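Below are the chains, spelled out letter by letter.
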Amino acid sequence: MSYWTTTKRIARYGLVGFVRNGFVSLSAILMMTIMSFMLVNIMISNAAMTATLKDLTNKVDVTVYFRTNATGDQIEQINRSLQSLPEVASVSLMTREQALADFRERHKNDQLTIQALDELGTNPLGASLEIRAKQTSQYEGIAKYLQAQQDSQSGAGVAIDKVNFYQNKTAIDRLTNIIDTSKKNGIAKTIFLAVCAVLIVLNTIRLAIYTARDEIGVMNLVGASRWYVRGPFMVAGVLYGVVSSVLVLILLYPILLYHPVLIGLDPTTELLFGNFNSFTYYTANFLLFFVVVTGTSIALGALSSYLAVRRYLRT
Amino acid sequence: MHMIYFDKVTKTYFDGAAAAVADITLGIDPGEFVSIVGHSGAGKTTLLKMLFAEVIPTEGAVFFGSRDVSKLSNGELLKLRRNIGTIFQDYRLLSTKNVYENIAFALEVAGRNDEDIAGDVPHVLDLVGLSDKIWSFPHELSGGEQQRVAIARAIVNQPDVLIADEPTGNLDPINTHDIVEILKKINDLGTTVLLTTHNKSVVDSIDRRVVTMDQGRIVRDDKEGRYSL
Chain A
349 MSYWTTTKRI ARYGLVGFVR NGFVSLSAIL MMTIMSFMLV NIMISNAAMT
399 ATLKDLTNKV DVTVYFRTNA TGDQIEQINR SLQSLPEVAS VSLMTREQAL
449 ADFRERHKND QLTIQALDEL GTNPLGASLE IRAKQTSQYE GIAKYLQAQQ
499 DSQSGAGVAI DKVNFYQNKT AIDRLTNIID TSKKNGIAKT IFLAVCAVLI
549 VLNTIRLAIY TARDEIGVMN LVGASRWYVR GPFMVAGVLY GVVSSVLVLI
599 LLYPILLYHP VLIGLDPTTE LLFGNFNSFT YYTANFLLFF VVVTGTSIAL
649 GALSSYLAVR RYLRT
Chain B
349 MHMIYFDKVT KTYFDGAAAA VADITLGIDP GEFVSIVGHS GAGKTTLLKM
399 LFAEVIPTEG AVFFGSRDVS KLSNGELLKL RRNIGTIFQD YRLLSTKNVY
449 ENIAFALEVA GRNDEDIAGD VPHVLDLVGL SDKIWSFPHE LSGGEQQRVA
499 IARAIVNQPD VLIADEPTGN LDPINTHDIV EILKKINDLG TTVLLTTHNK
549 SVVDSIDRRV VTMDQGRIVR DDKEGRYSL
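Protein chains in written order, with my numbering: chain A, 349 to 663; chain B, 349 to 577.
If you are wondering where the hints come from, they were derived from the structure by calculation, not from laboratory data.
These numbers come from a predicted model, not from an experiment.
Take these hints with a grain of salt, some might be off.
[Said to hold, decoys possible] Only some residues are given here: those of chain A computed to face chain B with a beta carbon under 10 Å:
1. 350
2. 368
3. 395
4. 539
5. 571
Every residue gets a Cβ at the ideal spot worked out from N, C-alpha and C, and that includes glycine.
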């Protein structure tokens, strides 16, 4: 018997079994649909957390304020030494003139302050450097480096008036902890839910195939090869995966647009996340969702069927 | 040389348990119709299962022709099973397949092409008198009809041996008579038939070789025997 004929027959029996065992197929599809929604929840939650953490991290910085008499060379020297540090992601310079312009802009409706500034006749504001680290845990090291520069009272260090890290230290430490804990919890939650989902789907398909265990025995007895017995069940498993993933990918549009809570996404959290929108994220990354959801469902359906049939396959 | 030979075969399912089959030696020649009778638990089904290696003997060997069936490779065993038709008390049809597909399945696993299958299935259904039920599903058939489908599936590959394990156990007398007549017809066409049954009238009506088992042993072997327990 040719390979093509065997494949055709296996595919046909798989499809016929899928249709004729309608109720069993429906149960398996429903379970896989729930699993896929959990997967999507994990993907969107992780993306939202990553986006939020990135957003928050961007708001953290260390600022070095220079004395008003600091020279351009001194500031540039500090700037260059900071940029040569491996922990530093970026350094942006705010000149005295920019600082003054910003101050005037911020207080343009406060005539008293503007008047007082005008009466001074000189620019009372110093230049500053805003430093961003690659990781929040690295701010302390950068701040210590700057502090040492300031304490040495030599070279360009004498131009430093203040390093604001220690004022923000508690907030930065807390944020660093939150980020670390969230990441660890996120990984643990992902692994736990993924294991639960796989076990649920595996057992649902095992139950579906349990009902066919006698038939598997009969197929053995009439001399069917292992693949000829196993094949149709695996085809049905793949079909469960295809139907459930198509269902999920379609349903996600209205759910994410109107009721993200239906798949466990909390809309109030989304408000807290600020710029992150799950629907926009889903549509922008549809290909990723398509590959992950469809691939996982099909692989899980086929693998579950393979394992479940193996139990009843005798020589 | 016998076609089938049980050589001092013993089967014990658990350590310390009584042997289901104890030291049996039995030879069966081509074309024979052998009824194996005995009370429940006498070892009839275990003996038959050893022939297609669903049960492996604890001691001794079962030969099909010159081959020890417990030593066959997986591929050889599949070929052997395609050459042995089996029918059971509970029919064991594939419930999600219709009558045509149930019979076609046996032909497919034997590697037959679609044209042959389309010709052979109606022919064998005609032989068992079920031509009008070709597209029915098992649950739409009576017990007798289901057993006829099982027989059709068992003989469609023209096996050398047909094993019938209590095939009339769930049937009324009329269906029982019909099934026995079909088995006799199959045997007349040259297929060796091994039948286990509790039914005295069935054994007596066949009037061929009767092997009587008790507590895992053969206690009688009559060439043209009758049911005597």
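Hints versus structure:
A least Cβ separation of about 9 Å between residue 350 of chain A and chain B falls short of the 10 Å threshold, and the interface hint therefore holds. At about 5 Å, the closest approach between the beta carbon of residue 368 of chain A and any beta carbon in chain B falls short of 10 Å, and the interface hint on this residue holds. Against a cut-off of 10 Å between C-beta atoms, the interface hint on residue 395 of chain A is violated, since the closest Cβ of chain B lies about 43 Å away. Taken as an interface hint, residue 539 of chain A does not check out: its beta carbon lies about 37 Å from the nearest beta carbon of chain B, beyond 10 Å.
For residue 571 of chain A, the suggested interface contact is upheld, since its CB lies about 4 Å from the closest CB of chain B, less than 10 Å.
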